[in-house]
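**Q** Residue numbers (the working numbering), protein chains in the order written: chain X, 1 to 621; chain D, 1 to 621.
Please keep in mind that the hints were generated in silico from the structure rather than gathered at the bench. Since no wrong hints were added, every one of them can be taken at face value.
Taking lysine-lysine pairs in the BS3-like style, the calculated list, with each CA pair at most 25 Å apart, reads:
(1) X/K373 x D/K409
(2) D/K479 x D/K509
(3) X/K409 x D/K373
(4) D/K470 x D/K509
(5) X/K394 x D/K22
(6) D/K530 x D/K470
(7) D/K394 x X/K409
Nothing here was measured: the structure is a model prediction, and the numbers come from that model.
Residues per chain are reported as follows:
2 protein chains.
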Amino acid sequence: MVRKTAGLSRNREISISEFFEKNRHILGFDSPAKALFMTVKEALDNSLDACEEHSILPDIEVTLEKVAQDEYTATILDNGPGVPPLEVQSVFGKLLYGSRFHAMRQSRGQQGIGITAAVLYGQISTGRHAVVVTKEETDDVAYRFEISIDITRNEGIIHKREATVWDRDHGTSVSVTLRSRYQVGRQSVFEYLKETSVANPHMDLKFRDPDGKVFHFPRSVKVAPKPSVPVKPHPLGLELGEIQQMASSSEEKDMKHFLMNSFNRVSANVASEILEKSRVSGELDPAELTTAQIKGLMAAFREVKLLPPPLDCLSPLGQEFIRKGLRSNYEEQHPSFYSRPVLRSPSVYNGNPFQVEAGIVFGGDLPSDEQVKIVRFVNKVPLLFQQGACAITKAIADMDWRHFGLDQKQGSGIPFGPMIVMVHILGTKIPYTSESKEAIAGVGELSSEITAALRYVARDVRRFLNKKEKRKQINEKFKLIRDLIPSISEKVSALMEMPAPPIDPVISKIANVVFVTEEYRVEEETAEVKCTVYNYTRAPRAIVIYPDPPVGEVDGLQSYDTGTIEPSHSATFEYRVKGVSKNYDGADYYFTGIDPVYVQGAEPLPADWGMGGVTVEEVSE
Amino acid sequence: MVRKTAGLSRNREISISEFFEKNRHILGFDSPAKALFMTVKEALDNSLDACEEHSILPDIEVTLEKVAQDEYTATILDNGPGVPPLEVQSVFGKLLYGSRFHAMRQSRGQQGIGITAAVLYGQISTGRHAVVVTKEETDDVAYRFEISIDITRNEGIIHKREATVWDRDHGTSVSVTLRSRYQVGRQSVFEYLKETSVANPHMDLKFRDPDGKVFHFPRSVKVAPKPSVPVKPHPLGLELGEIQQMASSSEEKDMKHFLMNSFNRVSANVASEILEKSRVSGELDPAELTTAQIKGLMAAFREVKLLPPPLDCLSPLGQEFIRKGLRSNYEEQHPSFYSRPVLRSPSVYNGNPFQVEAGIVFGGDLPSDEQVKIVRFVNKVPLLFQQGACAITKAIADMDWRHFGLDQKQGSGIPFGPMIVMVHILGTKIPYTSESKEAIAGVGELSSEITAALRYVARDVRRFLNKKEKRKQINEKFKLIRDLIPSISEKVSALMEMPAPPIDPVISKIANVVFVTEEYRVEEETAEVKCTVYNYTRAPRAIVIYPDPPVGEVDGLQSYDTGTIEPSHSATFEYRVKGVSKNYDGADYYFTGIDPVYVQGAEPLPADWGMGGVTVEEVSE
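Please model the complete structure; the sequences and the hints are all you need to start from.
**A** Below you can see the structure in the form of structure tokens.
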């Protein structure tokens with residue numbers, strides 16, 4: 001028996017503020033301790049984005065004040081461009097309002113939710129209004145606002161607005177009072193500030209904790225990063241409905257211009273080619289595109305071989321940063337090996353370019369009986385929560401690390417070993433698993449790019465673990481040839497009562513190999529290295545050697561060209577590696593200029609060495 | 001140098017549809033295969049909720065049709081109450097619109113997002129409109145709608161509406177065409193339907209797969225579950241701002257009635273007590289409450305000892321279901337042990353009552369070298385994705401299972417062993433980690449309740465693992481007393497040339513114990529059990545014995561009262577356990593009526609035995 005609904009529906013519209021009031025954990029406000037963390041994070045992310053867009057070197061002050069039992073006021077003060085006074089009500093009082101959602105550029109914020117969520121949580125948990133002070137350079141005075149949120153209408157309410165004198169040219173200060181708890185350690189405000197400061201060396205940050213203790217994270221790079229460049233969507237990866245939406249709302253009059261002006265990497269020529277292949281007229285009004293025509297265009301996008309998105313819209317941490325950042329963070333554990341960091345070429349997800357960077361720290365005093373430590377960054381923001389939900393973690397757990405010399409039950413799950421894996425995802429639109437931006441969803445291309453980056457650095461670990469074993473074998477072979485053969489020759493000659501033949505051609509005949517050998521001694525964190533290349537082949541050989549130490553920095557040498565080495569002759573070069581520990585155990589060697597079948601003790605230079613895809617850090621400073 | 005913003009703001013409002021168009025993975029539409037799964041799930045959840053609210057026994061038909069390469073039409077047809085024609089535009093075309101968000105009752109849907117998300121994804125990925133046919137019992141005809149979504153305005157667009165004749169009294173059919181892929185196995189549509197059918201035995205479900213193969217999951221329970229009861233929020237767990245919101249929008253004229261009528265478990269007496277303790281006048285207009293007064297009320301809520309929320313608003317799967325459900329799903333692996341399922345008492349999260357149920361299957365043919373399998377249900381909906389992000393998984397990983405006899409590195413992480421852990425969370429408002437409702441956030445009380453439930457069932461596993469060892473020890477002691485002492489007595493008497501004394505009082509004096517012993521033999525899945533209770537104490541004893549086999553069902557016996565057993569006498573009872581494997585290895589025994597210090601071979605009956613908190617299933621059928 002059906003009860004009559006009798007026209008009286010219980011259906012109602014739900015305001016986005018109501019939704020998040022009831023689901024505040026989705027915004028990251030799951031617990032008092034985390035609420036404080038989220039508030040600082042959202043405000044600081046906004047400050048850094050605003051400064052970056054305006055090429056300002058950020059000076060930030062974060063202050064936490066205890067105002068009652070389990071009640072703190074968090075104040076984040078920046079020297080950013082300021083918020084236009086008419087915008088304050090919506091920027092801080094309306095969820096889903098912002099400047100970065102509709103722009104395709106790499107930024108920390110992207111949803112127009114974060115800081116309003118903090119204001120909302122403050123209001124829900126303490127009933128207190130947020131206080132915003134802001135000044136634009138063009139204004140003579142600053143404005144101070146007391147603001148709260150009308151939850152059923154998702155609108156800011158300004159309770160008080162007053163002009164005020166401020167001792168700075170421009171900037172914004174946000175204060176939110178919220179029910180919270182201050183804690184230290186992993187997943188704390190302090191840890192977040194520390195990691196953020198590492199990833200943003202152009203920021204000067206002062207942090208006053210609830211006890212009044214002040215911590216200073218000084219600026220270590222005096223140049224503002226160049227602002228990320230907004231880009232148009234790349235045709236590959238867009239869904240049919242998205243192209244439909246773009247076409248129907250386009251201001252272009254015809255398809256040719258629509259293609260050229262609405263998409264990245266579509267030139268006039270490419271546009272013509274696409275139109276021809278899809279049999280769509282260049283004159284057609286984009287608003288009149290049919291579903292079938294869009295399907296044709298999408299097929300053509302794949303046929304015409306579009307260039308990948310341009311690099312300059314993305315701003316990676318950089319090889320040098322990853323190596324140095326990892327080193328400065330983990331130096332106290334004396335790791336015995338840092339992988340060469342990898343920066344993958346940009347790829348596309350839903351028309352949005354993204355890239356993956358990764359690095360590994362291994363060995364030393366890192367604990368060998370614990371799960372490896374995972375360090376996650378997205379658009380230079382450290383992710384401290386929801387590790388289990390993250391595509392980065394999943395990519396690590398899905399790889400069989402036993403092939404790379406690590407302990408892992410059944411070849412899946414987070415491996416055990418003395419290792420730190422660092423992954424940085426950067427892109428114009430990041431697929432976070434929820435509005436709290438704590439983890440990344442494993443959408444197709446993203447997961448495979450992360451896996452590719454991991455494989456690259458993992459191979460480095462395997463190489464490192466194999467190296468000692470291999471070097472031992474080569475040394476044995478070399479010893480055999482250098483010592484044993486002449487000694488056999490002498491003894492045989494004596495037995496036969498014949499003069500010993502010239503031994504070098506014999507060695508060359510037997511060995512037919514170019515040996516690359518290395519000796520070193522370490523003094524005061526510097527390794528003095530002597531590398532000798534023996535030509536035990538029957539022809540003159542020339543080879544270029546590229547040393548690649550796993551830790552430390554090569555001092556003043558990138559490669560060494562031996563020139564021609566005659567058979568049975570050798571060439572020697574010396575160099576220094578700075579910043580190594582006493583346990584330094586030699587470099588890898590790569591080579592070019594000679595058929596790899598002749599070489600022992602070095603490996604062919606990878607094709608992407610020193611190029612965009614994969615580089616060692618540049619040694620010139 | 002600051003670029004002038006010059007009053008021209010790039011800030012814009014973001015429609016919730018735009019937000020989810022760009023973040024469709026948050027709604028669970030991460031990949032083509034998953035999109036199909038989500039569409040079926042959201043529609044089926046709605047159907048089951050609607051039927052349950054109207055006490056209809058659900059007849060559901062799910063049809064998947066391949067319409068092009070990577071393009072499927074999913075149709076979900078139900079016999080629910082139908083959707084009022086005027087509501088169709090918003091129910092299927094507007095995100096954040098629904099009947100269940102503002103109601104506090106246990107339901108599958110709660111956000112007003114799911115089915116609209118499926119329509120949105122269909123539109124984005126194929127450009128096709130959704131088709132809805134719906135009929136209410138009060139209408140003579142059905143109505144057929146073609147509908148899409150205006151993404152920038154978050155509004156449904158009706159492209160076509162026509163009256164149509166339909167051969168059913170009432171119901172709704174939703175068809176969405178979407179880019180997708182059909183797959184089988186774990187995390188598939190089929191798996192979801194199967195598990196849903198297990199948890200909703202009152203549903204009759206037909207599923208036609210893309211090859212036209214039809215699967216029928218028949219109804220096994222012929223009674224519709226009683227509709228869940230809407231409740232008011234419980235005062236404990238509400239935030240200050242939420243009470244403020246309730247007070248300012250209340251229609252009550254004074255505080256006394258506001259308290260009595262807006263909250264659960266606040267009677268007139270309790271309201272007076274709260275007002276007195278918080279020194280708030282009962283005459284005060286709720287709209288005039290100050291922040292300080294709300295804080296006072298919140299303190300009073302904690303002082304007056306409010307009853308927990310009522311049970312009848314929640315509908316658990318039930319002990320019997322869990323035991324039978326687990327058994328029918330995993331019988332083929334012949335597990336050697338099923339834990340007694342546990343249903344925790346209701347608890348409160350943000351004013352919302354919730355409960356946790358759990359059960360464990362152990363041993364048999366389950367793989368012992370893999371991670372334990374985790375089976376998650378929320379409000380009778382199986383969760384197949386995002387296991388790593390879920391508070392259930394985290395609670396399992398955070399427990400040290402080594403104490404319970406399982407293999408677990410370092411005492412954390414998902415343990416390894418032949419075990420399936422099943423957890424069901426039920427409540428009026430579930431804190432999902434994202435709008436896709438694939439995992440639960442670990443908000444305070446919830447995690448601790450899950451952990452408590454896990455500990456209960458884990459103790460059962462430990463008991464099971466200890467049992468054989470313990471029984472062996474008791475048998476040895478029993479043998480000693482029964483055999484060895486008389487034999488010593490005889491030999492000593494012979495040596496001393498004295499007549500042997502009556503031995504039973506001696507045994508009683510030495511042992512001073514009541515032994516509970518068990519013998520059994522298994523034939524055709526039935527164990528014939530003989531249980532003997534020996535009174536080797538110096539006084540008459542009466543004891544009530546409760547057998548509790550880890551698998552199988554006791555046939556016709558719940559407890560056995562021995563009556564008075566004289567010293568050195570025994571009492572015997574027999575019973576059968578049905579549905580056991582050949583590896584059956586005996587029951588646990590519990591007792592009442594005697595000081596536990598005297599008993600060996602049985603344990604005191606837990607206080608919550610057979611009551612709400614913890615029960616074995618009832619054997620009468």
